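Keeping the supplied structure of chain S fixed, place chain U upon it in accordance with the hints.
Number of protein chains: 2
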Amino acid sequence: MDDITFAVLGTGGIGRRALEVSQHKDALTPVAACDRHGVAFDVDGLDVDELLAATEGNIDNEVATDGGNGTAAAEGGVKQHGEDRGVVASNQARPSDDPIQEVIDHGDRIDAVLLALPNYEHDFIPRTATRFVEGGYSGVLIDVLKRSRVIDMLDDRSDEFDDAGITFICGAGATPGLLTGAASLAAQSFVEVTDVDIWWGVGLKSGYEDNRGTVREDIAHLPEYDIETARELSDAEIEDIIDDHDGVIEFEDMEHADDVLLERAGVCDAEDVSVGGILDVRNDEKPTTTTVRVTGTTFDGETATNTFSLGDETSMEANVNGPALGYLKAGVRRNCAGEYGVFGPAELMPGF
Amino acid sequence: MDDITFAVLGTGGIGRRALEVSQHKDALTPVAACDRHGVAFDVDGLDVDELLAATEGNIDNEVATDGGNGTAAAEGGVKQHGEDRGVVASNQARPSDDPIQEVIDHGDRIDAVLLALPNYEHDFIPRTATRFVEGGYSGVLIDVLKRSRVIDMLDDRSDEFDDAGITFICGAGATPGLLTGAASLAAQSFVEVTDVDIWWGVGLKSGYEDNRGTVREDIAHLPEYDIETARELSDAEIEDIIDDHDGVIEFEDMEHADDVLLERAGVCDAEDVSVGGILDVRNDEKPTTTTVRVTGTTFDGETATNTFSLGDETSMEANVNGPALGYLKAGVRRNCAGEYGVFGPAELMPGF
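As given, the protein sequences belong to chains S and U, one line each in that order. Quick note: the first sequence, position 150, residue 1198 per our numbering, numbers continuous. Quick note: the second sequence, position 230, residue 1278 per our numbering, numbers continuous.
Same shape as in the complex, but just chain S (with noise of 0.2 Å):
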């Protein structure tokens, strides 16, 4: 495959680590990156160490009514340094009024489109696919979210992804893209998969200020919140939050994409799988280990159940770079075949 082309709306934590972590892969190349505040574009790939140095502790952690418009009320972005806040730091990057659009109409030199906005409200990604179906845009859309209810509201975009020639990867990144990949794949020793279950770690430490939004996100997770009340939440009452749990928060039953991912690809039926885990921002070690556990029947009859676990030393970041872009480059492949639509990490797996 020639080198892939691929654009990153959002310089937080993912954005930022996911054009890290390109540099190391073969045959991909950055060619533009936004946020709400400017964009960078060059189509013979941007200088991603000067933008990272440009843009350290730049971290944009508003959260956005809309990427498209950066009229949000700023909530408190963090370690703002140099003049321009965002990636206009970068001197490759400009200002503009509607950055998502800028990356849209450059999208004819674009394979794909990382979706890095982990925190926005649960229907900002898919009406920013909506936005590049209008704009005429052909290639992948890709993002790393972890919310069943977004897979929903894709889906009912799925015509307008096929007429417009777009493929769309949902829940790319650790969970549910590496783990329900893993799942697809240890799944394959069964004739009927019974459970699934997925239990994360994640220390969060060091990470902690490029990672805000996501640890927004999981709170969303907890029984007392929804996606809307976190989002209304203040940072001090996130660290509020923390401090209640001691900075280690267990998450149980979690309404995680993955179920509905597995049952899309046919491993499972969605009901037979369960998420939770352990999130601790005053430790970079790993509270537990991060496990898939699947088991099923085999054709023989037996019952048993193969493991998929990640070393404690891999970081969240590192868990969710490597996988999205590995299924950004399956899914260009996708593309390039004519296969439009909407499909989740395990459907990219071989044919299970």
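Since the hints were derived computationally from the structure, they do not count as laboratory data. A portion of the hints provided could be inaccurate.
The list cannot tell twin chains apart, which means a pair is met if one copy fits it or any two copies do.
In silico lysine to aspartate or glutamate, EDC-like type, Cα no more than 16 Å apart, as pairs [unchecked claim]:
no., residue 1, residue 2
1, Lys1253, Glu1361
2, Lys1073, Glu1240
3, Lys1253, Asp1348
4, Lys1253, Asp1317
5, Lys1253, Asp1360
6, Lys1073, Glu1298
7, Lys1073, Asp1348
8, Lys1253, Glu1333
9, Lys1073, Glu1311
10, Lys1073, Glu1169
11, Lys1073, Asp1207
12, Lys1253, Asp1301
13, Lys1253, Asp1294
14, Lys1253, Asp1211
Quick caveat: nothing in here was measured; it's all calculated off a predicted structure.
Coordinates of chain U only, in the frame set by chain S:
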């Protein structure tokens, strides 16, 4: 994707189980099965239950010099019953002087051909592939071989496959198929993979009769033997070897295609892959847990090991046939997209 039609060459343990497991997979229709004695063909789908019941115990363990001519000397097929030998015992089959050619002649109705022929000389499958090229076949050919050198012989035919429109998937069983797929997935946490350790356990007491070919092939991996000398062994000599090891044979540093296939897929260098395992032909319990350990460095400089392990209750057959049929479907997808040539299973993973 529409229903995929496939043929099985060889109705030994692997071929039979592939037919059986395909009954549990969506959108897979077996339309042909052959051994050296005959061929069964039905474009509407074989009656797998009848075929398996009629040929139960008719495993053909002869070591052929060629699958196409039926002239090889018998070295003792086991448990023959019924008037006809092998697949011809099924009322769907008829004798043939050249069963493989009959499959080739029906090639326009067959999306994929599983070459379930483990223990012939190591150029047998490449030569069989050439027959398909010469016969005008375009579609998927897939094997479950383990030998690194076979890959090279297939690669030598890559241009022929390209011209013919053939997508050849090699090594798509448990090892290297399932386990290199797992290694490819596990590698996604890392920007550099430094070691892949594949360690398998097989307990084959009740499956021994059906899998003599596989045992013979494993013996060829012992330091004292190679594929040629193992092929010359009589069944009695193989029994002696097994007795010498008290039924439990341990293998280290095997010439196993995993290394070549992972290098092809860009996961790591071939020399960083080690493969070993333990075969116990006197117990059904696995003598050790089949495990893939992938060690690497993350983008943020950590070293870690991701692990994939198969439940001990999953039989070798379960771990061969599910993946083989999954990769078969993936191969058809690639073939439909115009991707021809030779692919390893790890190359069918999501673009990593």
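Taking the hints in turn, this is what the structure says about them:
1. Lys1253 with Glu1361: Result: close within a single copy only, 13 Å intra versus 40 Å inter.
2. Lys1073 with Glu1240: between (35 Å within a copy, 10 Å between copies)
3. Lys1253 with Asp1348: Intra 47 Å, inter 14 Å, cutoff 16 Å: inter-copy only.
4. Lys1253 with Asp1317: neither (36 Å within a copy, 34 Å between copies)
5. Lys1253 with Asp1360: Intra 14 Å, inter 37 Å, cutoff 16 Å: intra-copy only.
6. Lys1073 with Glu1298: Cα proximity of Lys1073 and Glu1298: none, with 34 Å in one copy and 37 Å across.
7. Lys1073 with Asp1348: Answer is between; shortest inter-copy Cα gap is 15 Å, intra-copy 41 Å.
8. Lys1253 with Glu1333: Answer is within; shortest intra-copy Cα gap is 8 Å, inter-copy 44 Å.
9. Lys1073 with Glu1311: between (30 Å within a copy, 14 Å between copies)
10. Lys1073 with Glu1169: For Lys1073 and Glu1169, neither the intra-copy (31 Å) nor the inter-copy (38 Å) Cα distance is at most 16 Å.
11. Lys1073 with Asp1207: Answer is neither: 32 Å inside a copy and 27 Å across each miss the 16 Å cutoff.
12. Lys1253 with Asp1301: neither (24 Å within a copy, 41 Å between copies)
13. Lys1253 with Asp1294: This pair counts as within: shortest intra-copy Cα distance 13 Å, inter-copy 53 Å.
14. Lys1253 with Asp1211: Result: close neither inside a copy nor across copies, 45 Å intra and 55 Å inter.
When each numbered hint is compared with the structure, violations occur for hints 4, 6, 10, 11, 12 and 14.
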